[in-house]
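Add chain B to chain A, keeping to what the hints say.
Going down the list, the sequences are from chains A and B. Residue numbering for the first sequence follows the working numbering, starting at 1 and increasing by one per position. Residue numbering for the second sequence follows the working numbering, starting at 1 and increasing by one per position.
Among these hints, one or two may not hold up.
[To be verified] Listed next, with one range per pair, are the computed distances between beta-carbon atoms: (1) M1/B x A76/A: 27 to 35 Å; (2) R64/A x I96/B: 26 to 34 Å; (3) E11/A x K93/B: 33 to 41 Å; (4) G198/B x R64/A: 23 to 31 Å.
[To be verified] Residues on chain A that point at chain B, a partial pick, calculated with CB under 7 Å: (5) A22; (6) P63; (7) A66; (8) M69; (9) P73; (10) T79; (11) K97; (12) A124.
Hint data in this document are derived by calculation from the structure and do not stem from the laboratory. These numbers come from a predicted model, not from an experiment. A virtual CB, placed ideally from N, CA and C, is assigned to each residue, including glycine.
The residues making up each chain are set out below.
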Amino acid sequence: MVAALSSAEDERGKQLYVNCLACHGADGSGNKLLNAPAIAGLSEKYVSAQIMKFKAGHRGGDPRDAAGMQMRPMMALLTSDADVAAVSKYVASLESKPIAATITDGDPEKGKALYMTCQACHGADGKGNDMLNSPSLLNQHDWYLVSQLHKFKDGIRGANPEDITGSQMRPMAMILADEQAVKDVVAYVQSLSQ
Amino acid sequence: MLEYFLPRASSFAGSIDHLFDIITYLVMFWFVLVLGFFFYVVFRFRHKPGQKAEYITGETHKQKMAIEIPHYLILVCDLVILGYTFVVWHEVKIDIPPHDEEVRVIAQQWAWTFEHAGADGILDTEDDIVTINELHLKKDAQYTYHLSSLDVMHSFSIPVFRLKQDAVPGRVISGHFKPIMSGEWDVQCAEMCGYGHGFMPARVFIKSAEEHDAWVAENTPDHLKKDTAYALTDSETKEAPNNG
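Bound-form chain A, shown alone (with noise of 0.2 Å):
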């Protein structure tokens, strides 16, 4: 019964895929072209938590955020919280897969120091951990890691009041002082998914 149950969801979650792969592939291996990230793998407790805040307006809330925005119409899509559970348990399930590097200049090991800071949440190996609602950052576009750091930063993302988590990653982005050093702790996320 549990078992029919289970697979019942899981089928749902595919079906409910389609509104996403669009952008995000087949694979969930994103697309840069449409501003959409790596999404395979990622925590089902992360991408659940994601998609609600896209849904309050929380996330993608901003009018600077021209690619968070973007997201907004599809979480109309996902109207129970049942077809959130859904679709967040498929795109955890799928392989997450090494992504080309499109930044070249950041330098991993000053970025290494940088990523002291990080690793008490997202960990030393970059895995992220639920218990912090940090996601992983293993397999993932460079130019989404330096956008969304610098989103932070302009309290573009994690500003609003309601965004709790969000708003646990704005001083830590805040700690790279300038573009250099967000492309330095890129560069070595990068160097801790090879």
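Quick look at chain B alone, frame taken from chain A:
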């Protein structure tokens, strides 16, 4: 005729409706007349005892007149439609009256950003009120809008205004409208703009001047309000940039 299905909430909605009415009634008149004539002759000259159905090639002058006269009359109707189209086009698209209020409309995949001018009525100042998918307007105020797109082509459409204007990347297109009816209505994208095109609806809220001003005040930070204890004085405002 359209107002029975959709209210007219802008000053020029009536003109658009009249144009549609003229086109509809003229086309309907000729449609009914031509089909009526067609069925009449089919029935009148059908084969029956003592009468043979005849195939007419329509080459004689008299036969041609049956086509030519309606043809020229329809051309006259076309000119009437064309003439009224120019009048309406000028009213809606060309003749932009001086505005009481300005609003910037930014289209993107797949949302609308509206920049309201705020209490000072001037865009690009600190008290601008920026909203996503919510356009707030003051009833009976003449608006100028500035429409742009961040990515691909969209079309800014407010059906109750009978307004539809393409948003073209790289261009800022200005136009006007004057809301004449309070209420809450749909704003939609009327140009296929990608995967989420069908899911980028917005709403327009038209309120009386008092209600709209209250909304503006509610969304203006205290330090930008001129009549509160938090307001910066003129000298503080001038000094602010020097403080760091």
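Exercise for the section: Would you pick out the hints that fail for this structure and give their numbers low to high? Expected result: Of the numbered hints, 3, 10, 11 and 12 do not hold.
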